[in-house]
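Number of protein chains: 4
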Amino acid sequence: MTVVSEMLKTHPKGIGDLDEAALKNCILACLECVYSCTACADACLSEETVAELRDCIQTNLDCADVCDATAKVLSRHPGATSTELLMSLLQACRAMCHACAVECEKHGDMHLHCEVCAKTCRRCVEACDELLAAL
Amino acid sequence: MTVVSEMLKTHPKGIGDLDEAALKNCILACLECVYSCTACADACLSEETVAELRDCIQTNLDCADVCDATAKVLSRHPGATSTELLMSLLQACRAMCHACAVECEKHGDMHLHCEVCAKTCRRCVEACDELLAAL
Amino acid sequence: MTVVSEMLKTHPKGIGDLDEAALKNCILACLECVYSCTACADACLSEETVAELRDCIQTNLDCADVCDATAKVLSRHPGATSTELLMSLLQACRAMCHACAVECEKHGDMHLHCEVCAKTCRRCVEACDELLAAL
Amino acid sequence: MTVVSEMLKTHPKGIGDLDEAALKNCILACLECVYSCTACADACLSEETVAELRDCIQTNLDCADVCDATAKVLSRHPGATSTELLMSLLQACRAMCHACAVECEKHGDMHLHCEVCAKTCRRCVEACDELLAAL
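Residue numbers (the numbering used here), protein chains in the order written: chain A, -3 to 131; chain B, -3 to 131; chain C, -3 to 131; chain D, -3 to 131.
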């Protein structure tokens, strides 16, 4: 995904006052979460113990949707989108990733996909925090 | 879209303490915004004065993405998703719809698609407010 | 969702040779499917017999994603998107909705959400067929 | 994005007869396209010559939506989704990425973001072809 670094340098207006590293990391972390939450929900669904993984599946699906929207908003030049709007969305994304990490960690010992997904969500929490701090 | 009312009654666990009318209205308003913001961005892009409509197009695209995620989270039974998470997402959605309504209203006299889209965004702001108040 | 009819009339370039009624119906049917498939997947997940509904949940999620993309592409003025591209996407969408209808119909006697969702998917199959015939 | 390789090994049912390398490459290529097409559309929108880039913006947005759906369907265990459905979606995705690559290449000499995006789209065409060949 070196394409994120490449594209960030090609925008005719640049990225303004935004911290390039923090922005890049947050876009990447969100894209990773979209994938890992979608894949973890599906893997949970195939487990024999699916009935015990209902909350995990639902939280995964919610987290994938919110990270998806956040990745797309961050992929646009933050000219029109005010800092306030960005903060509000990043806070919602951070909260959802935190909830998903907590849920996946409950099953991390039993299911490797939950362990992997929890780590991806933790990375996204951190990336949101760092971008929020840099705004 | 009577399907929203129908589906809300079929969930095996019901919708818990949620206000059914407020939930239904918010799902519908978000789905409408996804469509109208996508269509308005595209109509703006076809206007001769596209260069003056850049902020409108970008805000439309951002708004469509955030409403999309909100509609999907609301379409799920709010069992695992805590009230706090839902409030955070609804606040981000409300803020984005408000920003998009304000932007579209600047061009509503010139472009009917902006007028229609502004009204859809205003309805979504209200629907988010009502659901937030009912949580 | 009268907003679809309204917006279709506001585009500066019109909708070209496309059949307006067929286009409108297909956009609406896809939006309905995004909602009903997302909601049906979640309702299935809450059923006691969730283990028997795995295929239904997965097909619902896939169908929601493909209808989502189709609704968005159709929401744009079909100027740049060639007829060939549109046909290819509509065929994929039609096939996915057909598969989802067949899967949901297996459980329609037991679960009302599957019965409702099957009907929504059938309507989308028809709407895709009508738009394909009109292209 | 090593998370894709990691997750593919954690699914309780494995990936069946699918070619793991081809599947991984196609998921990654689709995720890259979602990002690069979203970012290229936004960069085009900021160019002084935005009026000449309308088709490029629209094709970018369409391509992002179709790659998004394809990435999500591929992120799920292809148990319920038949080979035929997967082929239909991959063909639609391949066609859209090809159209977007052709469009972006028209502006690649002028705009680096179009050059980068064209390459991402070309990689996705190849990745779809390889996965289609492996099905």
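It is worth saying that the hints were derived from the structure and are not from the lab. Hints are not guaranteed to be accurate.
Since the list gives no way to pick one copy over another, a pair counts as held whenever it fits inside one copy or between any two copies.
As the list claims (entries may be wrong) - The calculated EDC-like cross-link candidates involving lysine to aspartate or glutamate, where the alpha carbons are at most 20 Å apart (straight line), are: (1) K9 to E48; (2) K20 to E101; (3) K5 to E80; (4) K9 to D105; (5) K5 to D105; (6) K102 to E48; (7) K9 to E44; (8) K5 to E44; (9) K115 to E2; (10) K9 to D51; (11) K20 to E44; (12) K9 to E126; (13) K115 to D13; (14) K5 to E101; (15) K9 to E111.
Going through the hints against the structure:
1. K9 to E48: So K9 and E48 pass the 20 Å test across copies only (16 Å; inside, 49 Å).
2. K20 to E101: neither (26 Å within a copy, 25 Å between copies)
3. K5 to E80: Result: close neither inside a copy nor across copies, 24 Å intra and 34 Å inter.
4. K9 to D105: between (47 Å within a copy, 18 Å between copies)
5. K5 to D105: between (41 Å within a copy, 16 Å between copies)
6. K102 to E48: So K102 and E48 pass the 20 Å test inside one copy only (11 Å; across, 24 Å).
7. K9 to E44: Only across copies: K9 and E44 sit 10 Å apart there, 52 Å inside one copy, limit 20 Å.
8. K5 to E44: Result: close only across copies, 17 Å inter versus 47 Å intra.
9. K115 to E2: between (26 Å within a copy, 12 Å between copies)
10. K9 to D51: between (43 Å within a copy, 13 Å between copies)
11. K20 to E44: neither (38 Å within a copy, 25 Å between copies)
12. K9 to E126: neither (23 Å within a copy, 37 Å between copies)
13. K115 to D13: neither (29 Å within a copy, 28 Å between copies)
14. K5 to E101: between (37 Å within a copy, 18 Å between copies)
15. K9 to E111: Classified as between; 17 Å across copies, 40 Å inside a copy.
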